[in-house]
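Line order of the protein sequences matches chains Z and C.
What the first sequence shows, in UniProt numbering, is residues 1 to 418, in sequence order.
What the second sequence shows, in UniProt numbering, is residues 1 to 351, in sequence order.
Note that these hints are calculated values from the structure, not bench results.
Do not take every clue at face value.
[Unchecked claim] The calculated lysine-lysine pairs, modelled on DSSO-like cross-linking and capped at a C-alpha distance of 30 Å, are:
#1 Z:Lys357 x Z:Lys47
#2 C:Lys191 x Z:Lys357
#3 Z:Lys362 x Z:Lys27
#4 C:Lys106 x Z:Lys323
#5 C:Lys119 x Z:Lys23
#6 Z:Lys27 x C:Lys143
#7 Z:Lys323 x Z:Lys240
#8 Z:Lys234 x Z:Lys255
[To be verified] Derived, one-sided and incomplete: chain Z residues facing chain C with beta-carbon distance under 8 Å:
#9 Gly16
#10 Ser19
#11 Ala20
#12 Arg21
#13 Val101
#14 Pro105
#15 Leu187
#16 Ala268
#17 Asn333
In this text, a Cβ means the ideal position worked out from N, Cα and C, and glycines have one as well.
Here is how the chains run, residue by residue.
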Amino acid sequence: MGALERLSQISGQISGSKSAREKLLEKNPDDIVVTACLRTAFTKGGKGGFKDTQAADLMAGALKGLLERSKIDPSLVEDVCVGEVLAPGGGATEMRAAALVAGLPETAAVRTLNRQCSSGLQACVDVANQIRTGMIEIGIGAGVESMSLQYGPQAVTEFSELLESHPEAANCKVPMGVLSEDMARDLKISRADQDAFAAASYQKALKAQQAGLFDEEIHPLTVKFTDPKSGETKTVTVNKDDGIRPGITAESLGKIRPAFAENGSIHAGNASQISDGAAAVLLMRRSTAERLGQTVLGKFVAASVVGVKPLLMGIGPWKAIPKALSLAGGLTNDDVDIFEINEAFASQCLWCANELKIPKEKINPKGGAIAFGHPLGCTGARQVSTLLYELRRRGQKIGVTSMCVGTGMGMAAVWVAE
Amino acid sequence: MAAMLEFRTPGWNPYAVKYSPYYDSRIAVASAANYGIVGNGRLFCLGLGPQGVQIEKTFDTNDAQYDLAWSEINENQLLVACGDGSIKLYDMNINEFPVMNFHEHKRETFSVSWSPVTKDTFASSSWDGTIKIWSPARKESIKTLPVGNCTYSTSYCPSNPHIISAVSTDSHLRIFDLRTPVSAQYHLTTKIPVHVPPPVPPLQGPTPPAAPGEILTHDWNKYNHTVIATGGVDKVIRTFDIRNPSAGPESIMLGHDYAVRRLAWSPHASDILISASYDMTVRLWTDGSSMPAQQASPVKAGIQLGIMNRHTEFVTGVDWCLFGVGGWVATVGWDERLLLWDANRLLQGQA
């Protein structure tokens with residue numbers, strides 16, 4: 001069997017115990033690596049540049065961009081998995097069509113999946129696992145959401161009597177805002193703390209945008225846009241997140257009325273924005289990447305998924321992150337350079353960070369969903385770009401992406417930038 | 001050390017040595033060409049006579065040999081663990097070919113161990129992350145126990161035929177009890193993180209590293225059948241009482257300068273063990289269990305009783321002779337040598 005592997009095993013035994021971090025930074029031919037990743041800009045639901053663009057069109061644009069950037073032969077891509085939450089029928093038909101539009105041949109299979117807010121991450125993880133088991137050699141994990149066109153009450157059907165009769169099951173349909181409000185109150189996360197966290201997200205995102213730190217990850221798309229005032233339809237190129245606003249401070253957020261309860265703490269300014277956007281990640285084995293001459297941006301290491309009480313869905317990352325760190329070979333918080341934790345609500349993100357004792361400066365250094373939006377199915381795939389480009393820019397290595405998931409789950413994944 | 005017998009294996013780098021459980025004059029050495037990295041393997045069956053150590057039989061394999069075990073039911077038979085994942089049963093009365101070939105492991109088989117109690121099964125562990133239980137009479141394994149990462153060594157409890165232990169890359173010592181239902185845990189009953197420091201550190205000496213490290217070897221104490229010693233890449237030898245898996249190590253032995261490749265408890269004394277290392281030395285230890293208890297810490301610091309440094313390359317195998325006055329030891333190393341010597345002389349400072 002593999003002489004090189006035997007050699008490196010023995011040399012590993014001689015060079016002594018490596019720390020979990022050192023082990024993680026090793027480059028092995030069977031690593032699952034990212035050779036290209038990008039996202040579209042995120043724009044405000046119902047108002048922004050993508051308000052008239054179908055999710056499938058966003059995805060087609062992102063996939064096309066990914067193929068262009070990576071310069072990979074599209075016929076080598078064997079499977080595409082798209083996370084999408086709101087589309088009827090999971091958007092399966094539309095995404096297959098979008099892949100064909102993007103230039104993938106009919107030999108590239110396509111599927112969609114829905115694990116709520118972690119769909120984009122789950123898509124990347126599924127593709128990585130497919131590659132790891134040898135089912136495919138090259139795949140794309142992606143995510144997309146048009147909340148402008150597909151967000152609404154039709155997203156959940158009526159619960160049956162059976163589901164309603166089971167208290168914990170019935171909790172699954174409690175709206176996110178309402179349960180987060182209760183959770184913030186019960187866990188004593190003050191309005192002031194939430195507003196400060198949210199303001200920091202805005203300020204970090206603004207600074208990053210001004211410094212051009214999103215330019216690498218954003219793939220500009222040219223789309224049709226109908227001006228709501230004049231009714232005139234024009235063609236626009238969207239290359240900037242439009243949710244990022246200047247001048248936001250904890251004080252200015254302090255003036256906004258709570259959205260879900262009269263004496264509540266959660267409002268539009270300290271919760272994630274409703275947005276449109278798409279993201280995609282090209283994955284393959286390191287040996288494949290080297291054979292094809294692809295640039296390796298980073299590697300996927302491990303992912304975790306956990307369940308929590310449906311009413312406490314916001315604590316998902318608190319449970320998922322330690323599990324992912326342990327699956328990655330026993331990492332500690334100190335080993336991780338950046339945590340991208342989705343800001344569904346300032347309350348839950350802040351609570352998780354505090355409970356896990358993650359230093360503030362390691363969390364979402366370029367801001368998060370509060371500042372630039374959370375297109376549900378897209379976010380998990382978006383975080384990969386945000387994380388890897390920032391780690392590379394800083395010369396840092398290990399990052400974690402994580403999010404809470406509606407109905408009470410959490411996901412987290414460990415990535416290494418190269 | 002005057003009384004030391006030597007046997008050379010030119011062109012072959014030994015990986016394991018075992019005394020026969022039947023004859024005091026019979027020894028086997030499993031070896032590999034090119035340090036086990038690429039090439040064939042050769043099993044040496046050796047006899048001790050008036051002329052010194054002589055070859056009785058050799059068996060060649062297509063891939064490296066990493067371990068061997070003598071049959072407990074047939075004095076002429078022995079198993080070798082091969083680099084291609086196979087396990088071969090050889091009979092010294094039959095030339096050249098194995099009498100049985102067991103090939104299910106998907107990667108290198110790193111250890112074999114014959115059940116010392118019922119004697120009707122043997123266990124193997126592999127880089128493929130599994131332990132397999134076999135009957136010498138059938139080609140298919142009886143059971144597969146998943147470990148999930150490269151499993152360097154597996155062993156039977158010396159008193160209970162249902163209990164099997166294993167150590168692996170992930171820094172854990174696992175105990176399987178085959179009497180438990182297979183559901184959920186696949187017979188896994190105990191999983192001890194070897195690297196985790198004891199709640200109260202030992203009083204004397206330096207503290208051992210707390211980072212996870214590959215565990216390369218382990219052995220059951222022959223007198224206290226709940227005590228297991230482990231050794232590995234972090235250079236530390238530790239003993240554990242499997243009745244209290246969360247208590248951390250019972251004793252800690254520091255001294256080797258590189259990874260501990262193999263260790264073996266004495267068949268003649270409950271507190272004595274011997275270890276072979278990549279630092280080219282073999283060291284004799286007491287685990288401290290026969291010394292009076294210390295007040296402040298339940299963890300004992302074992303004491304190095306002697307050091308043998310005649311090997312000139314990695315020492316990969318060590319075994320005690322079961323017979324005679326006790327204390328005879330066989331060691332092999334990548335220096336293409338088998339050395340037979342009396343560990344008692346180490347105690348007398350005559351090494």
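Going through the hints against the structure:
Pair hint lysine 357 (chain Z) plus lysine 47 (chain Z) does not hold up; C-alpha atoms about 38 Å apart against a cutoff of 30 Å. For the suggested pair lysine 191 (chain C) and lysine 357 (chain Z), the alpha carbons sit about 28 Å apart, so the restraint of at most 30 Å is met. Of the pairs offered as hints, the one joining lysine 362 (chain Z) and lysine 27 (chain Z) holds, with about 25 Å between alpha carbons and a cut-off of 30 Å not exceeded. Simply put, lysine 106 (chain C) and lysine 323 (chain Z) have alpha-carbon atoms about 29 Å apart, close enough for the 30 Å limit, and the pair holds.
Restraint check: the Cα-Cα separation between lysine 119 (chain C) and lysine 23 (chain Z) comes to about 40 Å, which exceeds 30 Å; the hinted pair is violated. Under the criterion of a C-alpha separation no larger than 30 Å, the hint pairing lysine 27 (chain Z) with lysine 143 (chain C) is inconsistent with the structure, at around 34 Å. Taken as a hint, the lysine 323 (chain Z) and lysine 240 (chain Z) pair is broken in the structure, with Cα atoms around 35 Å apart against an allowance of 30 Å. Restraint check for lysine 234 (chain Z) and lysine 255 (chain Z): not satisfied, since their Cα atoms lie roughly 36 Å apart, outside the 30 Å limit.
About 6 Å separates the beta-carbon of glycine 16 (chain Z) from the nearest beta-carbon of chain C, less than 8 Å, and the hint is met. Checking serine 19 (chain Z) against chain C: minimum C-beta separation of about 6 Å stays under 8 Å; hint holds. At its closest, the beta carbon of alanine 20 (chain Z) sits 7 Å from a beta carbon of chain C; the interface hint therefore holds under the 8 Å criterion. At its closest, the beta carbon of arginine 21 (chain Z) sits 10 Å from a beta carbon of chain C; the interface hint therefore is violated under the 8 Å criterion.
This hint is violated: valine 101 (chain Z) has a C-beta 42 Å from the nearest C-beta of chain C, more than the 8 Å allowed. A hinted interface residue such as proline 105 (chain Z) counts as satisfied when its beta carbon comes closer than 8 Å to some beta carbon of chain C; here the least separation is about 34 Å, so the hint is violated. At a threshold of 8 Å, the smallest CB-CB gap from leucine 187 (chain Z) to chain C is about 31 Å, leaving the interface hint violated. For the restraint placing alanine 268 (chain Z) at the interface with chain C, the shortest Cβ-Cβ distance is roughly 46 Å, beyond the 8 Å limit, so the hint is violated.
For asparagine 333 (chain Z), the interface hint is violated, the least distance from its beta-carbon to any beta-carbon of chain C being 16 Å, above 8 Å.
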